[in-house]
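Colleague: Below are the chains, spelled out letter by letter.
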Amino acid sequence: MKALIDYIRKDEWSPYVAGVLLGIVGILAVWLSDSLLGASGSFENLAGMLGKAIAPKLFDNLYFNFIMPPGITWSLVLFIGTFFGGLIGAATSGTLLWGKKSAVNPDEQWKRVFGTQTWKRWMWGFLGAIILEYGAGIAGGCTSGLAISGGMLLAPAAYIFIAAMFVSGIITAMIIYRARY
Amino acid sequence: MLNYIIALVLGVFFGFSLNKAGLTKYNKIVNVFRFTDMAVLKFMMTALAVSMSGLYFLRWLGFVTFPAVPATYLAGNAIGGLVFGVGMALAGY
Numbered sequence: 068m069k070a071l072i073d074y075i076r077k078d079e080w081s082p083y084v085a086g087v088l089l090g091i092v093g094i095l096a097v098w099l100s101d102s103l104l105g106a107s108g109s110f111e112n113l114a115g116m117l118g119k120a121i122a123p124k125l126f127d128n129l130y131f132n133f134i135m136p137p138g139i140t141w142s143l144v145l146f147i148g149t150f151f152g153g154l155i156g157a158a159t160s161g162t163l164l165w166g167k168k169s170a171v172n173p174d175e176q177w178k179r180v181f182g183t184q185t186w187k188r189w190m191w192g193f194l195g196a197i198i199l200e201y202g203a204g205i206a207g208g209c210t211s212g213l214a215i216s217g218g219m220l221l222a223p224a225a226y227i228f229i230a231a232m233f234v235s236g237i238i239t240a241m242i243i244y245r246a247r248y
Numbered sequence: 007m008l009n010y011i012i013a014l015v016l017g018v019f020f021g022f023s024l025n026k027a028g029l030t031k032y033n034k035i036v037n038v039f040r041f042t043d044m045a046v047l048k049f050m051m052t053a054l055a056v057s058m059s060g061l062y063f064l065r066w067l068g069f070v071t072f073p074a075v076p077a078t079y080l081a082g083n084a085i086g087g088l089v090f091g092v093g094m095a096l097a098g099y
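Heads up: the sequence lines are chains A and B, in that order.
Here our numbering = 1-based position in the first sequence + 67.
Here our numbering = 1-based position in the second sequence + 6.
Hints are computed from structural coordinates only; laboratory data are not their basis.
All values reported here derive from a predicted model rather than from experimental measurement.
Yeah, the Cβ is synthetic: ideal placement off N, Cα and C, and Gly gets one too.
There's no promise every hint is true.
Claimed, not checked - Computed Cβ-Cβ distance ranges for the label pairs, DEER-style:
# : chain 1 : residue 1 : chain 2 : residue 2 : range
1 : B       : 66        : A       : 166       : 34 to 40 Å
2 : A       : 169       : B       : 69        : 42 to 48 Å
3 : A       : 161       : B       : 62        : 34 to 40 Å
4 : B       : 77        : A       : 166       : 42 to 48 Å
5 : B       : 63        : A       : 183       : 24 to 30 Å
6 : A       : 132       : B       : 73        : 39 to 45 Å
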């Protein structure tokens, strides 16, 4: 029992153990709720809700009416849970940076490559996330919604997506890191 | 309502596993593209293997019916994946 608690308190689990946990969560999502795990879709549900409130004309299109209808969806609730799950994960390992100064840009490797300025971290994070979410919108899912959830049902889309994601990810990392790659 | 509670609880475990695997860290995400730390891939593939075998077993037992699988659009999935990878390597999330 003590060994188990100690393991839960570890900052970094073996990826295999964490992977088994995620696999079980994926099974339960299908079994209990007939739903697939996903993260990027909830942003679109949320964006659709905001958009329809602010500019109903602009958001009155095929995509937001039928493909990604706005509203409090299952995946949006899941996403809220994910936030707290991450929080609990960091809290149990004692690495929660809530309210601490270093929380704005904690990654040493990032600082070595891009410099120590916080605004740069936020800018690249913001721009990268826009590109990422846009790509997820085109592909029909992200790493969790398409690659893992689709992959476990053996959907060809998932494997096309994983391959494409690694191709461009590797090229982008090469460009960013150049000689340090 | 029950469905939302399930979603919330599963979400907590989802986020927890992501955090413990280190996927909430920039270096983990980028280093998989540099082939210096394959934790992301180990994590993803383990999850895939577990849930895949679990679900197909449960379907064989007749406990689950599969939801609609994500549709295959060769161009859409591939182009989306290419755009996604750029964003992922840049943002590191």
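Colleague: Work down the list of hints and note, for each, if the structure agrees.
Modeller: Okay, the hints, checked on the actual structure:
1. 66(B) <-> 166(A): 34 to 40 Å: violated, 50 Å
2. 169(A) <-> 69(B): 42 to 48 Å: At 47 Å between Cβs, range holds.
3. 161(A) <-> 62(B): 34 to 40 Å: holds, 39 Å
4. 77(B) <-> 166(A): 42 to 48 Å: holds, 43 Å
5. 63(B) <-> 183(A): 24 to 30 Å: Roughly 50 Å apart at Cβ, these two residues miss the hinted range, so it is violated.
6. 132(A) <-> 73(B): 39 to 45 Å: The hint (39 to 45 Å, Cβ to Cβ) is violated, given that residue 132(A) and residue 73(B) are roughly 21 Å apart.
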